[in-house]
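Protein chains: 2
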Amino acid sequence: MEFVTGVRKKDTLELNELLAGDIIDEHVKVNGAVHAIRDMGTVAFIILRKREGLLQCVFEEGVSKFNLKDLKEADTVEVTGILAESDKAPAGIEIRIEDVIILSGPAEPMPLPIAKWKLNTSLEAKLNYRPISLRNIRERVTFKLQEGIVRGFRDFLYGEGFTEIHTPKIGAKSAEGGANLFKLDYFHRPAILQQSPQFYKQMMVGVFDRVFETAPVFRAEKHNTKRHLNEYTSLDFEMGYIGGFEDIMAMETGFLQYTMELLEKTYAGELKILEIELPKAKEIPSVRFDEIKKLVSEKYGRKMRNPFDLEPEEEQLISQYAKEEWDADFVFVTHYPSKKRPFYAMDDPEDTNYTLSFDLLFRGMEITTGGQRVHDYHELLKKMEARGMTEEGMEQYLSAFKYGMPPHGGLGIGLERLTMKLIEEDNVREATLFPRDLSRLEP
Amino acid sequence: MEFVTGVRKKDTLELNELLAGDIIDEHVKVNGAVHAIRDMGTVAFIILRKREGLLQCVFEEGVSKFNLKDLKEADTVEVTGILAESDKAPAGIEIRIEDVIILSGPAEPMPLPIAKWKLNTSLEAKLNYRPISLRNIRERVTFKLQEGIVRGFRDFLYGEGFTEIHTPKIGAKSAEGGANLFKLDYFHRPAILQQSPQFYKQMMVGVFDRVFETAPVFRAEKHNTKRHLNEYTSLDFEMGYIGGFEDIMAMETGFLQYTMELLEKTYAGELKILEIELPKAKEIPSVRFDEIKKLVSEKYGRKMRNPFDLEPEEEQLISQYAKEEWDADFVFVTHYPSKKRPFYAMDDPEDTNYTLSFDLLFRGMEITTGGQRVHDYHELLKKMEARGMTEEGMEQYLSAFKYGMPPHGGLGIGLERLTMKLIEEDNVREATLFPRDLSRLEP
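Those sequence lines, one after another, are chains H and X.
End of the first sequence = 442 in numbering that gives the first Met the number 0, gap-free, step of one.
End of the second sequence = 442 in numbering that gives the first Met the number 0, gap-free, step of one.
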């Protein structure tokens, strides 16, 4: 028997430790993957890929005690040497190699030129080789920023008194959903994959007042577009005791403000690699659905075709309008038509053709749908009845309302869409680690 | 158009604000759900349930401007009144009610006596009415503590240089898994639900060195026990450049130490409600599989029946042994037999009948499986071949190795099991928000 007492300091150093500054000219030990080898004759630059970035190591014939020919790209190594300052090295420092130990090696040469600064490869090829293409420094940064977004979401909401929940993704068939649900066999019973944690988070408002979840959702939609995925990560929250759906928009604005600050502070290196300008979130314009449709139609001379929904091109124009008129990267569009919202959306008492709900558009794309929900049991039943829905599979959801629920509302944010727009890409797959779409089930 | 500028301070106060101390005798406004009404004649106590706990409000005939008969349990209300100190109130304060506004009401009386301190209801009934039974203060606390565990996991790992990832839950069929996988139809192609993010997190070690994920996993196992779920939340991490599987155990020990401190500091109120004593994690004994089997067999006079696996009763006895001999709540059992570990587990070079792997037992139950993985491409192929596995559906996983992977390892922790043992329950469903088992697909 031995005791394990926790994490011990390693003798290998990370980039931030090397950069701390007071160990220049000292012996150091580092590990990493050989990202590139630039052989200049008697001198060679060996670029190591570490989790925080690239590190230049210098091989000098006669000084370094190993044979350069033994080393190849994609080896993982442990390097010992002298730490030195260097203007030309990516991190401003380099290691003058004394020795190299090879920890592991590849079986074949790399299929993609991952050591290039920009990986000029088709999206298709990048996705086919995802675990390899992400070894490119610029490619992987997207997912570090994505981490920052999720982290910002959680940390902000913890601070606002929300409780994190984990709701089941396998469920019974219910009257909601229908065609867009993936179906599976659950021990000889028909089951579905949840398209949203909507019902669960609402039920949990009755328990914790404010709840959130960051988890996968599943949509069997046959869309094959740049903006649709069949599985994505949804950032969901739901909160009770609201004065109106404006409280939900205020909370989302707070999240965006908090997260942009977090990214600026903690993910500055990543933002710099992609040369990203963070969007403005200090104040976000909020404008009615029918109003902005009219404004956009007038300003850009575009005929309104569907008064009850926004076409992708209209979302583009609304964002263009918000940028031009209000210098805004985000814009809330409120009071969506009732017929385009689910049964649990609360109708506007002043005009029940519209709902107390909103979408958030970011650089031309809807990234959030939210709003106030019906909290009265009888009203909920009435709305279901009006849509010809039965209570099948929804008994437990309805029972939460039967036994009392506070006024409440919430939203769902598509993590990959938000990430995509943040990095100014136009295909959501760029911001999805391993996308699932109509044709892609692997890797 | 209006601007949304972020979260604004509400005029309703939360418990922590009421308790801050400098507003005794002042007018305050609060909201909450009517948890219980204790009518004593001319005075009545109205207990509000808020997200942080219970708040006593006092109705006094002639002083309070509303009719007590208009109020019932499960109403949600907004109360105005004078804040006062009170020795007998649950939080040490109470509100002398001036007025009450009813925000919403239930349609039927409560089906469970949720206002009782202990909800003496069968597990079956609690689960059938989950969104209601969790309104009981003691019942809901479990999930607040569960939040603390997940939060501790993430925050600790961020600090250790890990990157959070989101991997797909729908995947192609592969040579691994087999009978224990849920199958679904993915646009007319056979697909499965992932039983673990294992392959994805390993692939991502080649990208970020250290990664983690907190997400659902799915197991179509036909177990019907107190310790099995068919869907659960797995806390997974995987790290590169390890010196051995001991590094993984050290990281888990660090996580447990960090998390117990977090719980003690931030979730003290919740721990007190359940009267929980936190387990010791300062040093965790680590002992070989074959050794502890022998020790336990000798000490408790129990015959070893299966030399290659631990029976549940043996896990119990190992924990009992660890408590008695080493005063330990956790115990690592290392070097599991190779035939009980998956193909990617690294065999011990000193005796290939055993692996460089471990389980962590906590109060008599396995809550973690982890270890070092094979990182060499050819060795991995050899191990698959020896088990008669084909490469079908695993091409991308294998390609990560083909193009070089550092020595690495990782683990998976069952969140619900860890929570269950923390709160000293013996059925994992107690620690699962909405359990999925052989018979339960709702709510």
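A couple of the hints might just be wrong.
When chains are identical, the list treats them as one kind, so a pair holds in a single copy or across two.
Below, in silico cross-link-like pairs of lysine-lysine (DSS-like), each with a Cα-Cα straight-line distance of 27 Å or less [to be verified]:
1) Lys125 <-> Lys401
2) Lys382 <-> Lys71
3) Lys8 <-> Lys281
4) Lys172 <-> Lys125
5) Lys71 <-> Lys115
6) Lys68 <-> Lys298
7) Lys172 <-> Lys87
8) Lys9 <-> Lys338
9) Lys68 <-> Lys401
10) Lys115 <-> Lys401
11) Lys221 <-> Lys172
12) Lys182 <-> Lys172
13) Lys182 <-> Lys221
None of these hints come from the bench; they were simulated from the model.
Going down the list of hints, with the structure as the test:
1. Lys125 <-> Lys401: Close across copies (17 Å), not inside one copy (51 Å); limit 27 Å.
2. Lys382 <-> Lys71: between (66 Å within a copy, 26 Å between copies)
3. Lys8 <-> Lys281: So Lys8 and Lys281 pass the 27 Å test across copies only (17 Å; inside, 41 Å).
4. Lys172 <-> Lys125: between (37 Å within a copy, 22 Å between copies)
5. Lys71 <-> Lys115: Intra 16 Å, inter 69 Å, cutoff 27 Å: intra-copy only.
6. Lys68 <-> Lys298: neither (65 Å within a copy, 58 Å between copies)
7. Lys172 <-> Lys87: neither (61 Å within a copy, 48 Å between copies)
8. Lys9 <-> Lys338: neither (60 Å within a copy, 32 Å between copies)
9. Lys68 <-> Lys401: between (74 Å within a copy, 20 Å between copies)
10. Lys115 <-> Lys401: between (61 Å within a copy, 20 Å between copies)
11. Lys221 <-> Lys172: both (20 Å within a copy, 21 Å between copies)
12. Lys182 <-> Lys172: both (9 Å within a copy, 16 Å between copies)
13. Lys182 <-> Lys221: both (14 Å within a copy, 20 Å between copies)
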